[in-house]
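Put the two chains together into one complex; each comes in its own frame, and the hints tell you how they fit.
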Amino acid sequence: MATQQSRSAARLMMAPAVVLLLGWMLVPLSMTLYFSFKKYLPLRGGDLGWVGFENYSRFVSSSAFWPSVQTTLIIVGSVLLITVIFGVLLALLLDQPMWGQGIVRILVIAPFFVMPTVSALVWKNIFMDPVNGLFAHLWRVFGAEPVQWLSQASLPSLIMIVSWQWLPFATLILLTAIQSLDSEQLEAAEMDGASPLKRFWYIILPHLGRAITIVILIQTIFLLAVFAEIFVTTGGAFGTKTLTYLIFQRVLESQNVGLGSAGGVYAIILANIIALFLMRIVGKNLDA
Amino acid sequence: MGGITLSQVSKRFGTTEVIRPLDLEINDGEFVVFVGPSGCGKSTLLRLIAGLEDVSGGAILIDGNDVSNTPPAKRGLAMVFQSYALYPHMSVRKNIAFPLKMAGMNKAEIAKRVDHAAHILSLTDYLDRRPGQLSGGQRQRVAIGRSIVREPQAFLFDEPLSNLDAALRGNMRLEISELHQNLKTTMIYVTHDQVEAMTMAYKIVVLQNGVIEQVGTPLELYRNPANLFVAGFIGSPSMNFATGLAAEKYDATTIGFRPEHLKLFAEGGDWHGTVGVSERLGSDTFLHVNIDGIGQVTVRSDGDIDIRYGDTVSVTPDPARIHRFDASGVALQ
Ligand SMILES: Nc1ncnc2c1ncn2[C@@H]1O[C@H](COP(=O)(O)OP(=O)(O)O)[C@@H](O)[C@H]1O
Ligand SMILES: [Mg+2]
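These protein sequences, in sequence, are chains Z and P.
At position 179 of the first sequence (counting the first as 1) the number is 179 in this note's numbering, and the numbers step up by one without a gap.
At position 180 of the second sequence (counting the first as 1) the number is 468 in this note's numbering, and the numbers step up by one without a gap.
Just so you know, the hints here were simulated from the structure itself, not pulled from any lab data.
Backbone N, C-alpha and C define an ideal beta-carbon position, used for all residues, glycine too.
Hints are supplied without guarantee of correctness; some may be wrong.
If you want a taste of the chain Z side facing chain P, the calculated C-beta under 10 Å gives, among others [to be verified]:
| # | residue |
| --- | --- |
| 1 | E184 |
| 2 | L186 |
| 3 | D192 |
| 4 | K198 |
| 5 | G236 |
| 6 | A237 |
In the BS3-like style, the derived pairs of lysine-lysine whose C-alpha atoms are separated by at most 25 Å in a straight line are [stated by the list, open to error]:
| # | chain 1 | residue 1 | chain 2 | residue 2 |
| --- | --- | --- | --- | --- |
| 7 | P | K395 | Z | K198 |
| 8 | P | K472 | Z | K198 |
| 9 | P | K382 | Z | K198 |
| 10 | Z | K284 | P | K362 |
| 11 | P | K400 | P | K389 |
| 12 | P | K382 | Z | K124 |
| 13 | P | K400 | P | K382 |
| 14 | P | K382 | P | K362 |
| 15 | Z | K198 | P | K491 |
| 16 | P | K491 | P | K472 |
| 17 | P | K362 | P | K400 |
So that you can see chain P by itself, here it is in the shape it has in the complex (with noise of 0.2 Å):
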């Protein structure tokens, strides 16, 4: 319970196609993640299949049935927003109670949901507050406490993270993780955070401009990306790209290596350079080397490798892990 397939689904805006006609399954229980660059129209896509917006051509179906004319209420669906969208003037109680008010469901059934959804989010001391007295987690909870209640079809969340600061985010990227395996309860995910997508998804959708570059799972996605514009965006410190003579060698007119897959030698390697700035993580370190005849590349190595800015150091790609595009950008096997 919980499929959503969407057929051709396009939407224009006026005369600009924001969302070029596309097809995706989603299956029951999945954790699928939009990412993308900002304004390629993720959120328009949540939004068409929320029903926030109507779409321009195709069809959205949610268990078969087919829903694009369907007012969003009866989709089954909840959503959550960046902004968290609470009802500022009601308190966390009637928040989070507001959804099956409006079903009509009785006060003593009421009570026992809201009780229950906010002691799994760790809300009960809270109940009674404002949104408006809260913090910017806490308000992340309520928003999600007010569509888990519902036990809707799938949950749709528009970057619902990305107003909380980095320690907050890492922690409730693992509590809506943990509550996915908890409900397993379909949610689809909207960011422009590569990394939330890798760490969070079962399966990724990669958008530009309105255009499905890529549909995988995270490794997939890492281990094959199927173009220039995948590659690039996902993967963190991003890959490396090369043209020219390096490519010839390879029959390609691009090829991609990621830091992580290449080697440092003090000499003796394919390609020389020097070593610009670098990123003590303690971890690792990434070094900006500029390569003679590539250019900037960055490379990663140990956390405690001893080496300068300015020193003259060669470099050596893996050969099994270069990706290989031709000339409109896409991966050649």
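Bound conformation, chain Z alone (with noise of 0.2 Å):
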């Protein structure tokens, strides 16, 4: 975009797009705040008017507060480290000239088009029933009692759900991205007598830095709202109450919507601290 003319002409043809996200993004939120100063109580008298700071202290004072913060750390970091190490693995694997490797590579995709509800489903009823789930009967063939995978490990059963609907983008971008590092380099690192490790850790795992940030980055904006899954699984019993959970049963289950609106800000800020923290630990890759 070189000349004054075609400048201009770039901003007006970008204006419809800025605007309607402008307006996307600005409704919602002027909403949000809007409520969050407001008692309002769909079903117990509506709007009952202006209560300043009292919803932000409610939401931050209740009990469960600070576990549901807790938990979605948990869940995110968790999510994150397993899908960046098994994703490599696997595209390390993928990568490997293999027979049937274009049917392999479709079946280790496949998860991702999976809806969260339905996969959530499928693991709770197929894998995870205590009784007639696939895990139990394993784990009675060696004769060992069946484990309440949903009351007794909700929290690890919830990661292993939402890895496994993840591992497929990490591994997917992982893969394109040592499919993009030049044979020559590894060669020249063969000769120069680095073992299969160091060749591994001195000039694969830098050249997957960018990808694995990008990896980090998309995953955790989605992870923060994990919601379909625990819904259908624990429905927030058991430890696996996140923030954006909670916010759901303050606005829904109790139907204070000015105090769920509250509890909406504070994920914002949640959200903005850990893109900040990210974007300081990673965010660094993505220069030059």
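Here is the structure:
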């Protein structure tokens, strides 16, 4: 966009998109802010007037608040860790020439196309059901007592389900990154005397840096908002209540829109703190 | 230390035989150039020696030891790739130090060797830059630096200059030759450019379709090409060929004569023709002459010859410098 004319033309053509996106973001955001300062109980009197910061202080002082923040962070952190580590390993594996490569790749990508609600139901009923689940049968084959997955190990189970959904995404991005690595670099490292492990550490992993950053940033955005999986499996019980889920409960179960909106504002703040941290830690990989 | 022997080495990719079984002796300290057209198997042969590909048959010996099944790192060879294959996320210093670090050398010794290599290759000012911030010639030097710090038994170069512009290529050619004079280490150099081969090599190996056509010093190949392919490939501009009556006069199926071994006369020579396009280089002029009964022939003459498109001329070859070939293309003595 070199000339004055092409610049203003570009601005004009981008304007609709910018206005739409701004509206998309600003309208809900201002409505959330508006309601968060109100006592608004749709089924118990409706709009009961301004209450200042009361919703904010009530939301934080609720005994469910800090545990929900903790749960959110644990889920996001664990899923990121699992998907990145296994994503790198799977990508390395899929990059190897092997028989039936095309089909294996499609199979690995498949979970990404399953809706969160469906996959959570499948996991809950087919794998994790303590009586008829496949895991229960497997445990019994070895004579062990079946685990009550969703009540006894609720958080790990949830992390497993969500990781299963996001692993394909990480694998796909990392696989394309691995494929873009110049094979002569690996051969040069091999001639330089680097063992396969050192080649991975010094050549492949640095090359993947940018792709890993992208995986982390994109996944974090979606993982902060994980909802369907919790709703379908534990309904927020057994310590699986995330901040998103807590807000849902306040707004829809307790029918307290004002309180829920205040929670929404906290969620925005949390997301921004995490984003800030992430950009500090991994964002520098995106430069250059 | 660094003599390499190939004995009946062959290479197949699936069913296509890229390297036909071949024997080759490379003496210690020699500068050997593999030259041939694109796709003839030069890189494959080099990669076989490096150990980056497994041989399909035969054996590779370094200093008399069979290394056919030795991994690349243990062969004591260093390779410079056509794409340079520098590690983009490491500084120049770390790139050059990488093989030493992998060998577990101590830090002080690594620093000493890296500084020494950087000094030889005039890279001292660039040690803290990333490869992406260097010019093509500098990247090439870093790649060479990375290979010399290991003090290998032999260097392998795969078309190292083909990504550089003409002026830089000329300079790097000199630098690599200079490096060989200083180090006196065996070097195997792959190129498709016969000028590089002629100017740098002590010994040239001409390859075509995975077969060695001829091995010899540049002048041996120039003076006595073993067959039509070598005759046409070595020398610039390339050799002229004639068949039919002109060749029968010399008892051959084909005769070859180089542009520089033809004399021009206004009239009275052996052959007659019309001058086509002429290329004036200043020092020489290359005339493309259409000779009756032979066809297009290149003639090399003085830089300031006064001749024009369409002039009729007469050409005589130097009888002592005529190369004769039989029906299968093999040179007749
Ligand atoms: N990994 C490979 N698999 C199959 N064919 C190959 C492979 N590498 C090279 N070839 C084939 O071998 C021939 C020689 O290749 P190469 O040695 O790269 O030629 P050069 O370096 O002389 O241009 C080419 O026809 C090429 O297609
Ligand atoms: Mg090649």
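Hints, verified against the model:
For E184/Z, the suggested interface contact is upheld, since its CB lies about 4 Å from the closest CB of chain P, less than 10 Å. At its closest, the beta carbon of L186/Z sits 9 Å from a beta carbon of chain P; the interface hint therefore holds under the 10 Å criterion. The criterion of a C-beta within 10 Å of any C-beta in chain P is met by D192/Z, whose closest approach is roughly 4 Å, and the hint holds. A cut of 10 Å between beta carbons decides the hint on K198/Z: the least distance to chain P is about 6 Å, and the hint holds.
The beta carbon of G236/Z is not positioned within 10 Å of any beta carbon in chain P (closest approach about 44 Å), and the interface hint is therefore violated. With a cut of 10 Å, the hint placing A237/Z at the interface with chain P is violated, because the nearest CB-to-CB distance is about 47 Å. For the hint linking K395/P to K198/Z, the alpha-carbon distance of about 18 Å falls within 25 Å, and the restraint holds. For the hint pairing K472/P with K198/Z, the CA-to-CA distance comes to about 32 Å; that exceeds 25 Å, so the pair is violated.
At roughly 15 Å between alpha-carbon atoms, K382/P and K198/Z fall within 25 Å of each other, so this suggested pair holds. Distance hint between K284/Z and K362/P is unfulfilled; the C-alpha atoms sit about 38 Å from each other, more than 25 Å. A C-alpha spacing of about 13 Å is found between K400/P and K389/P, which places the hinted pair at or below 25 Å, so the restraint holds. Under the criterion of a C-alpha separation no larger than 25 Å, the hint pairing K382/P with K124/Z is inconsistent with the structure, at around 51 Å.
For the suggested pair K400/P and K382/P, the alpha carbons sit about 13 Å apart, so the restraint of at most 25 Å is met. As the CA atoms of K382/P and K362/P are separated by approximately 21 Å, the hinted pair is consistent with the 25 Å bound. For the suggested pair K198/Z and K491/P, the alpha carbons sit about 37 Å apart, so the restraint of at most 25 Å is broken. At roughly 15 Å between alpha-carbon atoms, K491/P and K472/P fall within 25 Å of each other, so this suggested pair holds.
A threshold of 25 Å between alpha carbons decides the hint, and for K362/P with K400/P the separation of about 23 Å falls inside it, so the pair holds.
Violated hints, listed in ascending order, are 5, 6, 8, 10, 12 and 15; each of the other numbered hints is respected by the structure.
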